[in-house]
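**Student:** Chains B and F, in that order, are what the protein sequence lines are.
The numbering used here applies: residue 3 is where the first sequence begins, and numbers increase by one.
The numbering used here applies: residue 8 is where the second sequence begins, and numbers increase by one.
Among the hints, a few may not be true.
As the list claims (entries may be wrong) - Cut-off 27 Å, straight-line C-alpha distance, at most; resulting in silico cross-link-like pairs (DSS-like, lysine-lysine):
#1 B:Lys218 / B:Lys12
#2 B:Lys207 / B:Lys218
#3 B:Lys41 / B:Lys85
#4 B:Lys139 / F:Lys11
#5 B:Lys122 / B:Lys135
#6 B:Lys207 / B:Lys133
#7 B:Lys17 / F:Lys24
#8 F:Lys11 / B:Lys75
#9 B:Lys133 / F:Lys10
#10 B:Lys77 / F:Lys11
#11 B:Lys17 / B:Lys85
#12 B:Lys122 / B:Lys7
#13 B:Lys41 / B:Lys17
#14 B:Lys115 / F:Lys24
#15 B:Lys133 / B:Lys115
#16 F:Lys14 / B:Lys85
#17 F:Lys187 / B:Lys77
#18 F:Lys24 / F:Lys14
#19 B:Lys139 / B:Lys122
#20 B:Lys224 / F:Lys14
#21 F:Lys187 / B:Lys139
#22 B:Lys133 / F:Lys14
#23 F:Lys187 / B:Lys115
#24 F:Lys187 / B:Lys135
#25 B:Lys122 / F:Lys10
Hint data in this document are derived by calculation from the structure and do not stem from the laboratory.
All of these numbers come straight from a predicted model, not from anything done at the bench.
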Amino acid sequence: MISIKGLTKKYVTGKTDFFALNGINLEIADGEFLAITGKSGSGKSTLLNIIGTLDEPTSGTVTVDGVDISALKSKAVAAYRNKTVGFVFQSFYLEPSYTVYDNVELPLILAGKVGNNREKVEAALEMVGLKHKSAEKARTLSGGEQQRVAIARAIVNEPSYILADEPCGNLDTVNSDNVMKILCNLNASGKTVIMVTHDAEDAFKARRIVTISDGKVVNDEKTA
Amino acid sequence: MMKKLLKLVVLEASYFKRTLIVIFIILTTFGAAFMAVVSLMLDTPQGTLAGIDSSKKYYCDLYGGECLALEAKSQTVDIARQYSAELCYGTLKGITFDADLQHGTSSFPTDIVVTLGSGAHKLEYRVERHGYFVPVEFASRLQFLFLTGDDCGVWLCSEIAEELDVNEGETVSLGEKQLKVLGIFDKEGVIHNYDVEETVLPAAWFYVVDSASSVVFDELYFTYAHSQAIFGSWQRSGRQLGLSDVLTQWHDDIALVQTYYGYLAILLGALVLFLLYALFTLFFRARKPQICRFELMGATGATVALIYIVIALALIVCATVLASAVSVLLSKYLLNVYTRLFNVVYPYSFRVWLPLSFLGVSVLVTSVSFALLKKRIERLPVAQEVRYE
């Protein structure tokens with residue numbers, strides 16, 4: 003479970019302060035599929051980054067499974083990124099010269115698991131329907147396929163939380179649908195999925211939609 | 008852990024391969040250039056005449072940055088050229104100077120000191136360009152002084168002159184070569200009837216041979232007198248020292264120096280590159296907070312650092328080996344090629360433009376490389392830019 007209390011993120015731009023997040027309070031239960039929406043600059047990605055420890059809050063706390071992640075030491079942060087959360091970004095951030103297999107295996111290696119990884123990697127690739135492409139270089143794949151590899155990489159360490167920032171932002175409709183189906187399947191298998199999107203159609207595939215505007219939660223609703 | 012690290016290193020190295028190749032080129036070029044510079048700077052002042060002491064260690068001394076010419080005009084050309092190319096990198100040719108032979112003074116201003124032998128057997132000549140040619144410690148062992156050039160000729164020790172039954176101004180046969188006896192000196196090294204004003208010594212090449220039975224000069228004698236054509240009939244008793252022996256010894260010494268400085272250069276270069284890389288990374292991180300893509304997936308900072316340290320070490324080792332090879336190749340073969348191509352021994356100017364051209368290339372390669380590196384680093388380890396939209 004993720005509990006966010008009084009979260010603010012302030013940027014100083016010149017002489018003025020800009021609050022990307024301004025007193026966010028949010029509870030995200032285990033197994034939820036949460037979509038965070040809002041206009042560009044509303045602070046939704048900043049919120050996701052703080053949950054993922056890619057950024058630090060100015061004030062407030064983010065507690066994940068009872069642990070205040072903003073108070074974690076660097077080693078614990080690394081372990082958190084490696085095992086508790088899996089990231090999916092709009093730009094995939096794959097290693098283009100690595101094979102699909104190597105890309106997906108990377109979090110396992112970083113977790114200290116070297117050697118018998120084939121089963122886990124292939125299971126992750128099976129989940130996203132790309133097992134047959136495991137020997138191909140990432141750069142040779144289409145955008146949709148690359149995003150699916152990124153999802154496989156995100157789930158290979160079996161994290162509890164999937165953090166997806168505009169996962170369909172660079173994809174066409176068909177590939178978007180595929181990615182969203184995968185995320186829904188992951189959620190159905192028990193993962194908590196937190197997805198930032200500005201696409202209303204994608205957002206409605208989640209079970210809960212939180213809308214942020216000017217750094218504040220302005221709407222929080224369950225979908226049908 | 009080791010396996011994990013190796014796997015990451017290989018993955019990372021393959022990702023960075025172009026960047027690594029650039030760094031490798033920089034290191035190799037710097038290393039080779041540095042080694043060549045050090046080698047040339049250290050070795051080339053060691054001049055025209057070589058001495059071999061009782062430990063058979065090659066040495067020669069030169070002060071003032073120039074040395075006498077070795078110009079192969081006689082039938083010993085091949086030996087002389089090879090010898091000079093291999094042993095005496097820094098030679099000038101065509102120095103013409105007025106000559107005077109005197110005894111027992113060292114008060115002349117000098118450009119050059121060439122020392123032969125060692126210890127008690129030392130013969131030291133001080134040579135001033137356009138000045139004087141003065142035996143400072145003119146021992147009785149000097150037998151003849153051999154000169155080639157326009158005024159090709161020889162000074163003979165009186166004993167030798169008697170043995171050959173020649174007088175000043177007459178011609179003496181040395182092997183196949185006819186040489187004019189320019190002067191005769193006694194055991195004290197004094198040349199009699201020598202007109203300083205009229206005699207100009209081209210001194211393109213000269214030999215000094217000591218008749219003493221000391222090991223030092225026997226070896227020196229045979230080293231220089233390797234060409235039997237000229238010196239065969241005069242060859243003294245003593246162990247014949249093969250040229251290859253001298254060269255091997257000498258090259259061993261130089262190779263050590265080259266490697267030592269080469270290592271230092273490459274290590275320093277690598278350190279500088281590494282620091283620059285770190286600074287670049289920090290700089291870009293400071294400007295745009297970024298997370299390394301390995302960190303994004305759960306790597307600790309220490310793991311990332313370790314990956315790069317291993318890569319850097321691998322680079323350093325490979326670059327050192329290659330740079331050493333390049334440097335040896337240059338010093339050993341290129342100069343010989345040059346010598347054969349242009350029919351002269353390694354000229355003085357080579358000492359200047361070879362290192363300079365190396366440094367020029369290094370600077371060029373480095374500039375381009377850093378430009379590429381900067382571009383690469385800018386878009387490299389960035390997994391996610393964390394900033395408000």
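**Student:** Keeping to a limit of 27 Å between CA atoms, is the pair of F:Lys187 and B:Lys139 held or broken?
**Tutor:** Not OK: F:Lys187 and B:Lys139 at ~81 Å, beyond 27 Å, violated.
**Student:** Quickly compare the C-alpha distance for B:Lys41 and B:Lys85 to 27 Å and report which way the hint goes.
**Tutor:** violated (31 Å)
**Student:** Assess, step by step, whether the Cα of B:Lys218 is no farther than 27 Å from the Cα of B:Lys12, and give holds or violated.
**Tutor:** holds (13 Å)
**Student:** Holds or violated: B:Lys133 and F:Lys14, Cα atoms, limit 27 Å.
**Tutor:** With a Cα-Cα distance of about 21 Å, the restraint between B:Lys133 and F:Lys14 holds, given a limit of 27 Å.
**Student:** Given the hinted pair B:Lys224 and F:Lys14, is their alpha-carbon gap at most 27 Å?
**Tutor:** Cα-Cα ~45 Å, so violated.
**Student:** Quick one, are B:Lys139 and B:Lys122 close enough, alpha carbons at most 27 Å?
**Tutor:** Measuring from Cα to Cα gives roughly 19 Å; hence the hint holds.
**Student:** Decide if the proposed pair is consistent with the structure: B:Lys115 and F:Lys24, CA atoms, cutoff 27 Å inclusive.
**Tutor:** Given pair B:Lys115, F:Lys24 holds - Cα atoms ~25 Å apart, limit 27 Å.
**Student:** Run the distance test for B:Lys17 versus F:Lys24: straight-line Cα separation, threshold 27 Å.
**Tutor:** Answer violated: B:Lys17 to F:Lys24 is near 44 Å, above 27 Å.
**Student:** Next pair to validate is F:Lys187 with B:Lys135; report whether the Cα-Cα distance is within 27 Å.
**Tutor:** Not satisfied, since the Cα-Cα distance of roughly 89 Å exceeds 27 Å.
**Student:** Taking only the CA atoms, is the gap from B:Lys122 to B:Lys7 under or equal to 27 Å?
**Tutor:** With Cα atoms ~36 Å apart, B:Lys122 and B:Lys7 exceed 27 Å; violated.
**Student:** Could you grab the alpha-carbon distance between B:Lys17 and B:Lys85 and see if it respects the 27 Å cut-off?
**Tutor:** At roughly 40 Å apart (the allowed maximum being 27 Å), B:Lys85 and B:Lys17 break the hint.
**Student:** Is B:Lys133 close enough to F:Lys10, meaning Cα to Cα at most 27 Å?
**Tutor:** holds (25 Å)
Hint compliance for this structure: hints 3, 7, 11, 12, 17, 20, 21, 23, 24 are not met, and every other hint is.
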